[in-house]
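Residue numbering for the sequence shown is 3 to 139, as defined by the working numbering.
I should point out that these hints are in silico values taken from the structure, not numbers from a laboratory. All C-beta atoms in this analysis are idealised placements derived from N, C-alpha and C, irrespective of residue type, glycine included. Hints are supplied without guarantee of correctness; some may be wrong.
In the EDC-like style, the derived pairs of lysine to aspartate or glutamate whose C-alpha atoms are separated by at most 16 Å in a straight line are [claimed, not checked]:
hint, residue 1, residue 2
1, Lys107, Asp12
2, Lys4, Asp92
3, Lys107, Asp13
4, Lys107, Asp92
5, Lys95, Glu119
6, Lys4, Glu25
7, Lys107, Asp14
Pair by pair, the computed Cβ-Cβ distance ranges are [unchecked claim]:
hint, residue 1, residue 2, range
8, Leu39, Ala120, 33 to 39 Å
9, Ser106, Leu18, 29 to 35 Å
10, Pro59, Lys4, 16 to 22 Å
11, Leu97, His73, 28 to 34 Å
12, Thr110, Ser72, 28 to 34 Å
13, Ser88, Asp14, 26 to 32 Å
14, Asn26, Glu98, 16 to 22 Å
15, Pro74, Asp14, 30 to 36 Å
16, Ala46, Ser88, 16 to 22 Å
17, Lys4, Glu94, 16 to 22 Å
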Amino acid sequence: MKATILVIEDDDASRLLVTYLLENAGHRVLLAENGALGLGLALAEGPDLILCDLQMPVMNGYEVAQSLRSHPTWRVVPLVAVTAFSMPGDREKALEVGFDEHLSKPITPETFVSQVEAFLGSSSCAPPGTASHWSPG
Numbered sequence: 003m004k005a006t007i008l009v010i011e012d013d014d015a016s017r018l019l020v021t022y023l024l025e026n027a028g029h030r031v032l033l034a035e036n037g038a039l040g041l042g043l044a045l046a047e048g049p050d051l052i053l054c055d056l057q058m059p060v061m062n063g064y065e066v067a068q069s070l071r072s073h074p075t076w077r078v079v080p081l082v083a084v085t086a087f088s089m090p091g092d093r094e095k096a097l098e099v100g101f102d103e104h105l106s107k108p109i110t111p112e113t114f115v116s117q118v119e120a121f122l123g124s125s126s127c128a129p130p131g132t133a134s135h136w137s138p139g
């Protein structure tokens, strides 16, 4: 099950680890170091899944989720928060703005890929490139 996965993450070490794990599992990984770049890549590349940190410069993960979820084409693409925000209420806040799930950092390398792949198997994603005709309001 090879998929294109967009990773929006500002921390270099986290980006490297997630990329290593996903690429070794056979997935194509797109990288963005802030929310604005990630939103642009999502629109241009039409990934099958988006993994997004919440606290980032330029545009945070909540803003990314709100922008993507405001358009019908992007409501079907799985969007998962991967974040150190793990206090009571953080998961609920992420789900409220449009994330499908909330995974806490630090990730567990032994289980991370299977957690991510579970989202790929249970969703009906928009065909790649179909969302590139809109721009966030």
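Now the hints, each set against the structure:
Pair hint lysine 107 plus aspartate 12 holds up; C-alpha atoms about 13 Å apart against a cutoff of 16 Å. The straight-line distance between the Cα atoms of lysine 4 and aspartate 92 is roughly 31 Å, outside the 16 Å bound, and the hint therefore fails. For the proposed pair lysine 107 and aspartate 13, the alpha carbon gap of about 12 Å is at most 16 Å, so the pair holds. With a C-alpha separation of about 13 Å, the suggested pair lysine 107 and aspartate 92 falls inside the 16 Å cut-off, and the hint holds.
Distance restraint check for lysine 95 and glutamate 119: the Cα-Cα separation of roughly 23 Å exceeds the 16 Å cut-off, and the hinted pair is therefore not satisfied. Distance check on the hinted pair: lysine 4 and glutamate 25 sit about 9 Å apart at the alpha-carbon level, within 16 Å; holds. Taking the CA atoms of lysine 107 and aspartate 14, the gap is about 14 Å. The hint holds against a cut of 16 Å. Against the hinted window of 33 to 39 Å, the Cβ-Cβ separation of leucine 39 and alanine 120 comes to about 26 Å, which falls outside the hint.
Taken as a hint, the range 29 to 35 Å is violated for the pair serine 106 and leucine 18, whose Cβ atoms sit roughly 19 Å apart. For proline 59 and lysine 4, the hinted distance range of 16 to 22 Å is not satisfied, since their beta carbons lie about 31 Å from each other. Restraint check, leucine 97 to histidine 73: a C-beta distance of roughly 19 Å breaks the suggested window 28 to 34 Å. At about 32 Å, the CB distance of threonine 110 to serine 72 agrees with the hint of 28 to 34 Å.
Range check, serine 88 to aspartate 14: Cβ separation about 21 Å, and the 26 to 32 Å hint is violated. Checking the proposed 16 to 22 Å range against asparagine 26 and glutamate 98 shows it is violated: the Cβ atoms sit about 33 Å from each other. Taking 30 to 36 Å as the suggested C-beta distance range, the pair proline 74 and aspartate 14 conforms, at roughly 35 Å. A C-beta distance of roughly 31 Å is found between alanine 46 and serine 88, which places it outside the suggested range of 16 to 22 Å.
In this structure the hint that lysine 4 and glutamate 94 lie 16 to 22 Å apart at CB is violated, the actual value being about 33 Å.
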